[in-house]
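Just so you know, the protein sequences line up as chains A and B, in that order.
Numbering that gives the first Met the number 0 puts the first residue of the first sequence at 0, with every later residue one more than the last.
Numbering that gives the first Met the number 0 puts the first residue of the second sequence at 0, with every later residue one more than the last.
These are computed hints drawn from the structure, not numbers from a lab.
Note that the structure is a prediction, hence the values are computed from the model and not measured.
Cβ coordinates follow ideal geometry from the N, Cα and C atoms, glycine included.
Among the hints, erroneous ones may be present.
Derived DEER-like restraints, expressed as beta-carbon distance ranges [claimed, not checked]:
id: 1; chain 1: B; residue 1: I44; chain 2: A; residue 2: T147; range: 27 to 33 Å
id: 2; chain 1: A; residue 1: L52; chain 2: B; residue 2: L172; range: 43 to 49 Å
id: 3; chain 1: B; residue 1: L34; chain 2: A; residue 2: I27; range: 19 to 25 Å
id: 4; chain 1: B; residue 1: S5; chain 2: A; residue 2: R42; range: 50 to 56 Å
id: 5; chain 1: A; residue 1: P117; chain 2: B; residue 2: L188; range: 53 to 59 Å
id: 6; chain 1: B; residue 1: L167; chain 2: A; residue 2: I114; range: 31 to 37 Å
id: 7; chain 1: A; residue 1: S22; chain 2: B; residue 2: G71; range: 35 to 41 Å
Here are a few chain A residues that sit away from chain B, every Cβ distance over 10 Å (derived from the structure) [unchecked claim]:
id: 8; residue: P29
id: 9; residue: L30
id: 10; residue: L34
id: 11; residue: S36
id: 12; residue: S56
id: 13; residue: A93
id: 14; residue: E97
id: 15; residue: H103
id: 16; residue: S115
id: 17; residue: S119
id: 18; residue: Q128
id: 19; residue: L135
id: 20; residue: T139
id: 21; residue: K141
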Amino acid sequence: MSKQSEWTRRAVLRLAWVGVIASAALTIEPLFKYLTSKEDRQRSPLVVYKKPLSENSGWQNTAAARVWVKRDSSGVMALVATCTHLGCEVNYHADREEWLCPCHASIYDEEGKTISGPASKALPRVAVQPQADGSLIINTSKIVGLDTRV
Amino acid sequence: MNDTKSFVNHIRPRFVSEGALRVFYTVCLGGLSFLAFIVLGVTGILLMFHYQPGDNAFSSVLTISSVIPYGGVIRNLHYWAGQIMVVTVNLHMLRVVWTHSYKPPKQLNWLVGVALLIFVLYLDFSGYLLIGSQESGAAATVAVNILGLVPVIGTWLAQILFGEPSALSGSTLVVYVWHCVALPMVAFLLQLYHFWRVRRDGGVRPL
Numbered sequence: 000m001s002k003q004s005e006w007t008r009r010a011v012l013r014l015a016w017v018g019v020i021a022s023a024a025l026t027i028e029p030l031f032k033y034l035t036s037k038e039d040r041q042r043s044p045l046v047v048y049k050k051p052l053s054e055n056s057g058w059q060n061t062a063a064a065r066v067w068v069k070r071d072s073s074g075v076m077a078l079v080a081t082c083t084h085l086g087c088e089v090n091y092h093a094d095r096e097e098w099l100c101p102c103h104a105s106i107y108d109e110e111g112k113t114i115s116g117p118a119s120k121a122l123p124r125v126a127v128q129p130q131a132d133g134s135l136i137i138n139t140s141k142i143v144g145l146d147t148r149v
Numbered sequence: 000m001n002d003t004k005s006f007v008n009h010i011r012p013r014f015v016s017e018g019a020l021r022v023f024y025t026v027c028l029g030g031l032s033f034l035a036f037i038v039l040g041v042t043g044i045l046l047m048f049h050y051q052p053g054d055n056a057f058s059s060v061l062t063i064s065s066v067i068p069y070g071g072v073i074r075n076l077h078y079w080a081g082q083i084m085v086v087t088v089n090l091h092m093l094r095v096v097w098t099h100s101y102k103p104p105k106q107l108n109w110l111v112g113v114a115l116l117i118f119v120l121y122l123d124f125s126g127y128l129l130i131g132s133q134e135s136g137a138a139a140t141v142a143v144n145i146l147g148l149v150p151v152i153g154t155w156l157a158q159i160l161f162g163e164p165s166a167l168s169g170s171t172l173v174v175y176v177w178h179c180v181a182l183p184m185v186a187f188l189l190q191l192y193h194f195w196r197v198r199r200d201g202g203v204r205p206l
């Protein structure tokens with residue numbers, strides 16, 4: 000009988016409060032992560048490329064992971080490496096001079112035109128604006144034709 | 000501390016009749032509804048940090064539920080608490096009829112409860128619209144067209160309750176403000192009055 004009196008209703012309820020506070024404390028970290036997440040922030044469509052771009056150097060990646068620039072004999076062009084099938088990021092294979100999509104194996108040639116795979120449209124080209132200091136500003140919200148150079 | 004203690008003691012009934020402690024008299028349905036309402040309030044405020052009403056609604060809902068850390072948990076808690084609340088509120092209504100608790104002296108509280116039921120149903124529907132999917136666009140269009148059949152004030156009423164939803168997304172700023180601010184506030188105050196009335200009318204039962 001003496002053992003029973005150790006766990007009074009009051010003691011049990013107090014322990015329950017400890018449990019409530021402990022489980023509330025467990026939500027602090029998830030809440031912090033949720034509230035500070037910047038995954039849905041507005042991204043600027045403008046990407047800057049500052050390095051010098053020599054002719055026939057092949058596609059160069061910019062600071063924005065999916066935006067690539069290249070200079071050929073007639074000028075500079077920019078490409079967005081988003082698969083036109085379902086939007087995966089396609090990888091540039093400089094040795095094969097091809098763009099490969101890891102998701103459904105679409106293949107694009109050097110210029111971004113489709114060779115095979117579920118994708119039917121070419122990789123999108125976007126507008127490039129050369130600045131006075133030699134850097135490039137790429138406007139990813141403005142789609143241009145495959146033959147456009149600046 | 001002393002004030003807190005006396006406030007807590009004030010909320011508690013002075014005495015509780017033994018019959019009132021029977022769970023199967025109320026089945027705690029009102030209390031469960033209130034619990035769901037609290038969960039909805041907390042998770043709803045959290046969702047507002049990442050939700051964007053209007054044309055971006057559906058993509059922001061997708062981002063919340065699949066990209067933002069723990070966003071899926073919060074959205075699902077909000078969604079299911081909403082579903083459960085509609086069920087418990089209706090069962091609560093049935094229970095009140097079953098136990099004849101709408102009869103005097105509780106007739107006023109019955110009317111308050113009916114008003115709360117309407118608020119809860121509109122909150123549920125507007126939450127469905129705020130998802131911004133094509134289904135909610137269709138639902139908003141149907142609702143606006145039905146309200147348009149009301150003579151004289153119909154289009155005006157639809158404008159006030161729903162704004163101008165497109166057929167592709169029911170999420171408008173008007174629905175957002177009703178769902179997130181105006182109705183929860185009114186419903187909460189009405190609930191406090193509802194609970195106070197329960198005590199006042201002599202139904203001394205734990206909430």
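Now the hints, each set against the structure:
1. Against the hinted window of 27 to 33 Å, the Cβ-Cβ separation of I44(B) and T147(A) comes to about 48 Å, which falls outside the hint.
2. Hint check: L52(A) to L172(B), Cβ distance near 45 Å, so the stated range 43 to 49 Å holds.
3. Restraint check, L34(B) to I27(A): a C-beta distance of roughly 22 Å satisfies the suggested window 19 to 25 Å.
4. With their beta carbons about 54 Å apart, S5(B) and R42(A) fall inside the hinted range of 50 to 56 Å.
5. Restraint check, P117(A) to L188(B): a C-beta distance of roughly 56 Å satisfies the suggested window 53 to 59 Å.
6. At roughly 36 Å, the beta-carbon separation of L167(B) and I114(A) lies within the given 31 to 37 Å, and the hint holds.
7. Roughly 19 Å separates the CB atoms of S22(A) and G71(B), a value that falls outside the hinted 35 to 41 Å.
8. Distance to chain B contradicts P29(A) as a non-interface residue, since its nearest Cβ pair spans about 4 Å, not more than 10 Å.
9. Residue-level check failed: L30(A) sits 8 Å from the nearest beta carbon of chain B, not beyond 10 Å.
10. Under the 10 Å C-beta cut-off, the non-interface status given to L34(A) relative to chain B is violated; the minimum distance is some 6 Å.
11. For S36(A), the condition that its CB be more than 10 Å from all CB atoms of chain B is violated, with the nearest at approximately 5 Å.
12. The Cβ of S56(A) sits about 35 Å from the closest Cβ of chain B, beyond the 10 Å cut-off, so the non-interface label holds.
13. No Cβ of chain B comes within 10 Å of the Cβ of A93(A); the nearest lies about 31 Å off, and the non-interface call holds.
14. The claim that E97(A) lies off the interface holds: its Cβ sits roughly 30 Å from the closest Cβ of chain B, which is beyond the 10 Å cut-off.
15. Distance check for H103(A) against chain B: the nearest CB is about 20 Å away, which clears 10 Å, and the non-interface claim stands.
16. No Cβ of chain B comes within 10 Å of the Cβ of S115(A); the nearest lies about 30 Å off, and the non-interface call holds.
17. No beta-carbon of chain B comes within 10 Å of the beta-carbon of S119(A); the shortest separation is about 24 Å.
18. Interface exclusion of Q128(A) from chain B stands, the closest Cβ pair being 27 Å apart, more than 10 Å.
19. A cut-off of 10 Å between C-beta atoms confirms that L135(A) is not in contact with chain B; the least separation is 29 Å.
20. With a cut of 10 Å on Cβ distances, T139(A) stays outside the contact zone with chain B, its closest approach being about 17 Å.
21. Here K141(A) stays apart from chain B, with its beta-carbon at least about 20 Å from theirs, past the 10 Å limit.
In the structure shown, a violation is registered for the earlier hints numbered 1, 7, 8, 9, 10, 11, in ascending order.
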